[in-house]
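Trainee: Position chains A, R and S relative to chain L; hints supplied.
Here is what each chain is made of, one letter per residue.
Number of protein chains: 4
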Amino acid sequence: MSTSTAQQSSAAASFSVRDLDLKLKQVRLAHPEQSLPSPPSSNGASSPVDRDYFHLRSLKECIEIYEDAKRSKSESLALLSDEEVVLLADNGKVAPHALEKLFGMNELERAVRTRRAIISRSSATKALESSSIPYENYDYSRVIGACCENVVGYIPIPLGVAGPLNVDGTSFPIPMATAEGTLVASTSRGCKALNAGGGVSTVLVGDAMTRGPAIDFPSIKVAAQAKAWVDSAEGYAEMKAAFESTSRFAKLKSLKTAMAGRTMYIRFATTTGDAMGMNMISKGTEKALDAMQARFPSMVVLALSGNYCTDKKPAAINWIEGRGKSVVAEAVIPGHIVKTVLKTTVGGLCNLNVKKNLIGSAMAGSIGGFNAHASNILTAIFLATGQDPAQNVESSMCMTLMEPTNNGEDLLCSVTMPCIEVGTVGGGTVLAAQQGVLEMLGVKGAHPQQPGKNAQTLARVIASAVLAGELSLLSALAAGHLIKAHMAHNRSQVNTPAASVPVTPGPRV
Amino acid sequence: MSTSTAQQSSAAASFSVRDLDLKLKQVRLAHPEQSLPSPPSSNGASSPVDRDYFHLRSLKECIEIYEDAKRSKSESLALLSDEEVVLLADNGKVAPHALEKLFGMNELERAVRTRRAIISRSSATKALESSSIPYENYDYSRVIGACCENVVGYIPIPLGVAGPLNVDGTSFPIPMATAEGTLVASTSRGCKALNAGGGVSTVLVGDAMTRGPAIDFPSIKVAAQAKAWVDSAEGYAEMKAAFESTSRFAKLKSLKTAMAGRTMYIRFATTTGDAMGMNMISKGTEKALDAMQARFPSMVVLALSGNYCTDKKPAAINWIEGRGKSVVAEAVIPGHIVKTVLKTTVGGLCNLNVKKNLIGSAMAGSIGGFNAHASNILTAIFLATGQDPAQNVESSMCMTLMEPTNNGEDLLCSVTMPCIEVGTVGGGTVLAAQQGVLEMLGVKGAHPQQPGKNAQTLARVIASAVLAGELSLLSALAAGHLIKAHMAHNRSQVNTPAASVPVTPGPRV
Amino acid sequence: MSTSTAQQSSAAASFSVRDLDLKLKQVRLAHPEQSLPSPPSSNGASSPVDRDYFHLRSLKECIEIYEDAKRSKSESLALLSDEEVVLLADNGKVAPHALEKLFGMNELERAVRTRRAIISRSSATKALESSSIPYENYDYSRVIGACCENVVGYIPIPLGVAGPLNVDGTSFPIPMATAEGTLVASTSRGCKALNAGGGVSTVLVGDAMTRGPAIDFPSIKVAAQAKAWVDSAEGYAEMKAAFESTSRFAKLKSLKTAMAGRTMYIRFATTTGDAMGMNMISKGTEKALDAMQARFPSMVVLALSGNYCTDKKPAAINWIEGRGKSVVAEAVIPGHIVKTVLKTTVGGLCNLNVKKNLIGSAMAGSIGGFNAHASNILTAIFLATGQDPAQNVESSMCMTLMEPTNNGEDLLCSVTMPCIEVGTVGGGTVLAAQQGVLEMLGVKGAHPQQPGKNAQTLARVIASAVLAGELSLLSALAAGHLIKAHMAHNRSQVNTPAASVPVTPGPRV
Amino acid sequence: MSTSTAQQSSAAASFSVRDLDLKLKQVRLAHPEQSLPSPPSSNGASSPVDRDYFHLRSLKECIEIYEDAKRSKSESLALLSDEEVVLLADNGKVAPHALEKLFGMNELERAVRTRRAIISRSSATKALESSSIPYENYDYSRVIGACCENVVGYIPIPLGVAGPLNVDGTSFPIPMATAEGTLVASTSRGCKALNAGGGVSTVLVGDAMTRGPAIDFPSIKVAAQAKAWVDSAEGYAEMKAAFESTSRFAKLKSLKTAMAGRTMYIRFATTTGDAMGMNMISKGTEKALDAMQARFPSMVVLALSGNYCTDKKPAAINWIEGRGKSVVAEAVIPGHIVKTVLKTTVGGLCNLNVKKNLIGSAMAGSIGGFNAHASNILTAIFLATGQDPAQNVESSMCMTLMEPTNNGEDLLCSVTMPCIEVGTVGGGTVLAAQQGVLEMLGVKGAHPQQPGKNAQTLARVIASAVLAGELSLLSALAAGHLIKAHMAHNRSQVNTPAASVPVTPGPRV
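Residue numbers (UniProt numbering), protein chains in the order written: chain L, 1 to 509; chain A, 1 to 509; chain R, 1 to 509; chain S, 1 to 509.
Bound conformation, chain L alone (with noise of 0.2 Å):
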């Protein structure tokens, strides 16, 4: 294994670029038909660095060979060392954020670890270059221009992967890229349990992403009379020809509106095949705004979205209308299987279950955050999936629910998630290791039959996977309780409520 390989992640700090720079000079030692060898940099004491033969060539040299290298067209930083270049962005000649452009498609790594350089001394801690960020060999042609600007490199999270979980008769690895320990463990052991009680059931009971713009209007007057326009059969339609336009995924669903004194806000629904959809629906709306605009020329649209969307921010609407998928997943588990696998007890579960996930979330003033953690298991597959985590807001709300069944014996259990915005083309899933985690489930890219389906499965999996860590972490938390009630009080069933007498009044407290 070569040293290069071996330092990337943890050594990364000794691999900077004066290593680069040394290399191109050896090239340069080879190849002097080239131009002039530049030196490696002299930033730190460790670089022994020969300064008489490989020295920086001057600001003004610098500039002249990148000004004429932009008149012909021609990769205009290509001639220059990496040091040459941290040397124009010093002085303002180069933007950072404009080197993948400057160096050209087929040097974007360069570009990267040069701007790591312009970034780093720039900074007060200097630490950037050297740091134990990685960087090397990373596609960043699926990066730039899609998900990310001023790139320095890339943060690895570990993916572990939890189940296998049957979900709909089929069989899914659960993957999880997570840094919380025992996660994986934990949702593996809510699998085994879901699996030993046939698997988990899931309903698709939505499947909408939503867009909120808000419109000023002269008076109530005129924005009631829009409102009344666009809830009437025949201003829907207008609408819904005018967003359908844009799009041969984005199908109009419904319109929601609302008026606040003068100012309407109109809530879009749209289907969006197998993309999240934002920006779908983004274009869509535009367009049916401006169909509308056309009818009520006195209007303003403040903005494309009012909040009323709404979009990565707590919100009732959300729980309420629901937002991107609507998954119910379900299961029985029984009894036995509660016992073994979970280490606790039907009454044991389904009394905590209301206790913390229905009582203890209504105490603390909860819309929509009424289970234990499903933020966790949503989170890491979002990440692993290419998924926005900061959708993850809306997303993971989710109503836990417990309930023994067949007389008690078994435990039914399910996980009602209204807004799970998820695709499986566009956003971070255009990337190769995310687009690898989709391939593993199945649900890469657009489903070829049934746009849309792929997304979905996608959410189905993830409901079922936040069912097992719900399982798995209210047993813990439980049976945690069990044992230690257990050594303490010798008592056998201590997490469901005392045995009451009626009520003997007394003394007030």
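It should be emphasised that the hints constitute simulated quantities derived from the structure, not laboratory data. Warning: the hint list may mix true and false statements.
Because identical chains share one entry, a pair is satisfied inside a single copy or across any pair of copies.
Calculated cross-link-like contacts (lysine-lysine; reagent style DSS-like; alpha-carbon spacing at most 25 Å) [claimed, not checked]:
no., residue 1, residue 2
1, Lys126, Lys453
2, Lys343, Lys283
3, Lys101, Lys192
4, Lys343, Lys287
5, Lys192, Lys93
6, Lys283, Lys251
7, Lys240, Lys253
Small disclaimer: the values here were computed from a predicted structure and weren't measured.
Mentor: Chains A, R and S alone, transformed into the frame defined by chain L:
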């Protein structure tokens, strides 16, 4: 072996278990004194393996070798080929999650590689083994037993750098791990505008992680007595002493009690040094509950978390009480900067902020979501710095405010974020890349003199970056509109309210 | 003026059962052909009763008389004195709640009077019988079997009239039943300011009462099928036909479905003519559920109300979807009126409104409470017009908005109230006084030509009055402050934000 | 004159200003030494007035008489007839709201009567004057200057009595002023069931009224300094001293601070003796803010209420922190009573309670509305006892809990009500009838030995009555269903979940 390095990310598909086994074969041929050579795997048509020469040992043989090794306390799988380990796993002799233990700490990558094969072959898609999910050259020693289980590689998230941003007089690069295009660029624009106004000023008005167990009592009378005791100076002192005996960083700040029927919820709030602190507080809470149990023997702790914390779920209690670091960040931006950098006007921004972030969110039934996209910026920094992205549910709660100042000339803007849950030790901050980012920010690890200061600084930087992100997106929305409106209507200021005449009552709508 | 009249309200204490019995005695003495005279009661030292002459018949006698009367189908208690009825009640022979039936419709007041005695004597305080709670001269025939049971009198609520207020071109007196001092006066001031600006303009943007039953299914699969059916055109048509078969006023407007695990909630929304409509909609819902049950025999209706309505409880669903009448009311108030009538400034009001009604309420975790005191005005009008004051929980949800208009000269203000639940028939509107108030407003009973219009007008008047109340209170808060601030600081405009300088980063707080 | 009494309520229509004037005429004819006789009014064909003899004096004459009286400091309208006062009012010489002052305290009813005429004739419907709204024989001296302005009569609300109910060992009649049929009867049934179980046990776990001013600062730095000061022991002590200097009852319990940008909100919480306490706390808050202002001269108090209180608006802060009295009430009801009195089963009730009051309300996005109809019972008692019904918005927040106890035999039920805002002095409790009800309950006025105890007892009674109301309505819903279900399906227990088989994955829905 530099080629293997080059393929790591996207080209990793061609680099599977069989390649490794081939190498192993060569090694063994060269060292016949070692145990019998093991053949490469035979999965897939593309694997032209010489089956005659390099054959798998039988299951029986493999089990014997494995059992022998276990008896001799050596790394029990060292003498088996990857394929033979797969064989053992397929036959239930080896648990995939235990591979690291069985291979030993010197062969962590081999454990991961073999696990990929095991999981892959039992999955429907068979895709994992040869997938584009990278796994090589990663320091698994930091992951095992701490961050993830059943690891099969890692997910790289592109890391961009926005800014720098002047926060309280210091310039910080803003690290953002994200796959959402334009997010870094947009945040950078916000930083530029903020810097032009002198930078961001922040205050930290709260710092306490919380845990909220649920406890049952045999009657409301006893529950009320217990509540009164905890609320009393005496009870508090006793609980505090017990709590703080578990850590030198965790200092109990307050206990908030509530009853729901016979169930009591106690919200422990505590400083946690530079750690995010959930583990620390859980330990302390457990100890304090022991002390309480001694006073109230009839109480039954249902769970250490009764959702009164509230962790990773939307809850008004967090918005109102705060959780983690509570930060307010503000800035004044000169009017001309609003025009030249943000391409909009002070009036336009303020009007939009009220109608989108205050009114729009209020119409949507939001609690704590009075912002445009705080979650985007916060989540990206969370991922870059090793925070728990599942906690962005509450951490991204944010109220963005804008109002004209200096006689309407300039813009006063702020973000109020009561729940930024961050740490610079523990959790994902132990990973090399994430640690590199913290180092770049100058907040790696525990602050040597003032425990907690590094985490607090990180929270201040996050809030400030959120302010930058808010400014930029709101400006884009306002300006995008402005431009369009200009073209359509040739009006000079369209996103401020239209002029009003006294209402002329007419027919009802 | 007779004494009995004079004592009615506060002096009623001296006018108890015994006075009535004394009169009865006199009547009986004058008509010896009637049954034996009955003595007055003997409770209290102030009752110098001649026991020799006017004695109570024995319990046995009383029972006989009572049983005889019952057999002969006559008003069974007519021949007994009040005290004798009390005797029967004390011995369990007569149920206090049945007195109206037993005395007959011609002696309703006597039933009330006797009940007071019965309840009073069995209570600890013995205070009711001779209390200052009025009961005479009230038309109980409208109450019995309709509005109240076990009646012992009535509670008078002072009725003030604010305004008049110009609403959509018509001038309305604003009736307010309240015991909160200054409320009427303050609202009147608001009316004056509004009238000066041309009055209030309103729009009705929704009109539908709702009911939300809870239904269990044997699995989420069946539940989802049922949901899909209800959501389908076919299912909706079938449900609507069944629903509307129960009333000629109730027209089904929409069905909103949601699942929580295996439980489905359906929110029926319907117009209800001029009735508030809860009874009407309950009947229709029951019928529609019967139709649904025929399709889904395995479903179990848990309750006609599953709190998905949501009646008399705070709930985001009401704020977002509306309930009852959804009204927006707005007005423009000239700047000079703001100064002369409201004693404040346009800028001061707008600033306060944002920081109190939007930001303050947001900080408090409010959903739908973005106002100063809408509940005050609405509740007072509800009580005056016979509405259900328990419904003010959702009816008073209101967002008050204020912004400068006409170049900042004038004030644009509005209230948005999505849930005004009112009727002009049924409920408390059957009572004489309440009906008198409705008549004064011109909205008594059902609208002859346009069913529902009277209730809608009432809702418009309420919203407009709320706007008046909001304006006045906010002005008082802003002005009170202004005056005080002037004195203290001699500054000209103190409740607008202080001037800002670019932030000078300093030491952290 | 007993006829006038008889007509008072519904027949009041025939008893208007003109009748009074006729009487006045007779008096004046009999006493010619008094000023010129004044004629009755002439509104309506039914008024056969002898215009020749009893004519109105001219406006000029009337003004002279009025001005003379004013000069001589006598009751300025005494010498004028009602009609003449109307004439003055119509010509802007007399303000209707000032009539009490002008007529003097001995003629309060005449002021009301005349006001009815003035308002009536200027209204569109002309209905008020002769309306069925009662106004006679009411003690206006308690209303004027305290409870209402511009009074035109009163609205009688029927008063029923439910119960009695055993609360903490004492039996209380439950007074309910309501026009909602069956409410009293239903609550009574609940009382019966509760009494059978030994009655209700209550605990008071909080007692503090709150006020939340909004304060602006010139920067977040100064705001944070102020916040830190208020949060410090020193600042708290200083604020407390200032606050408590204003009242001997108001004891400051806590100050809760929050920042939103530069604006600070402080929630003052204080005990208020037996008063509901809003006035008391406002005074104290003002004083405390003065003290704070001395420390922070740059602060600007925007308003004494910044909605952080939160008064009469839904807000999570009330649910979480409590406001007024925080009461929990619980009871155990033997299973046989559930069957015989409530006509349902323990299992049926518990299942319904979870699915309606917990899950249903959660689905509806409720905060604090986890009950069936607490607002009904609370509002009725509020009206009966002179509380502010506009405060039922937060006072009725309630969580109703039910679970099986004693091995599932019996029912454990409770209500948790953190915000019961009541007083037994001040506000509507000064009115005679309302005072009568308080007296009946034994909680009239301030408690002589333990200030606050009367109000606390009232809160306990209210919570207990709410528990009765909840039990009864839930039972009706469960039982109604039970009966219906029995008939339809002949199943013995249909509102518990159906038996479940392990999920059989099938085609997706």
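Trainee: All hints are to be evaluated individually against the structure, with a verdict given for each.
Mentor: Okay, the hints, checked on the actual structure:
In this homomeric assembly, Lys126 and Lys453 come within 25 Å of each other (Cα to Cα) only across copies, at 20 Å, whereas the closest approach inside a single copy is 48 Å. Taking identical chains as interchangeable, the C-alpha atoms of Lys343 and Lys283 lie at most 25 Å apart only when they sit on different chains, with a minimum of 22 Å there against 52 Å within one chain. Taking the closest pair of Cα atoms, Lys101 and Lys192 come within 25 Å of each other only across two copies (22 Å); inside a single copy the shortest separation is 50 Å, beyond that limit. Taking CA atoms no more than 25 Å apart as the test, Lys343 paired with Lys287 passes between copies only; the shortest distance there is 23 Å, against 56 Å inside one copy.
For a Cα distance limit of 25 Å, the shortest separation of Lys192 from Lys93 across copies, 18 Å, qualifies, whereas the shortest one inside one copy, 60 Å, does not. Taking the shortest Cα distances, Lys283 and Lys251 sit within 25 Å of each other inside one copy (12 Å), while across copies they are farther apart (37 Å). In this assembly of identical chains, Lys240 and Lys253 lie within 25 Å of each other by CA distance both inside one copy and across copies; the values are 9 Å within and 21 Å between.
Checked against the numbered hints given earlier, the structure satisfies every one of them.
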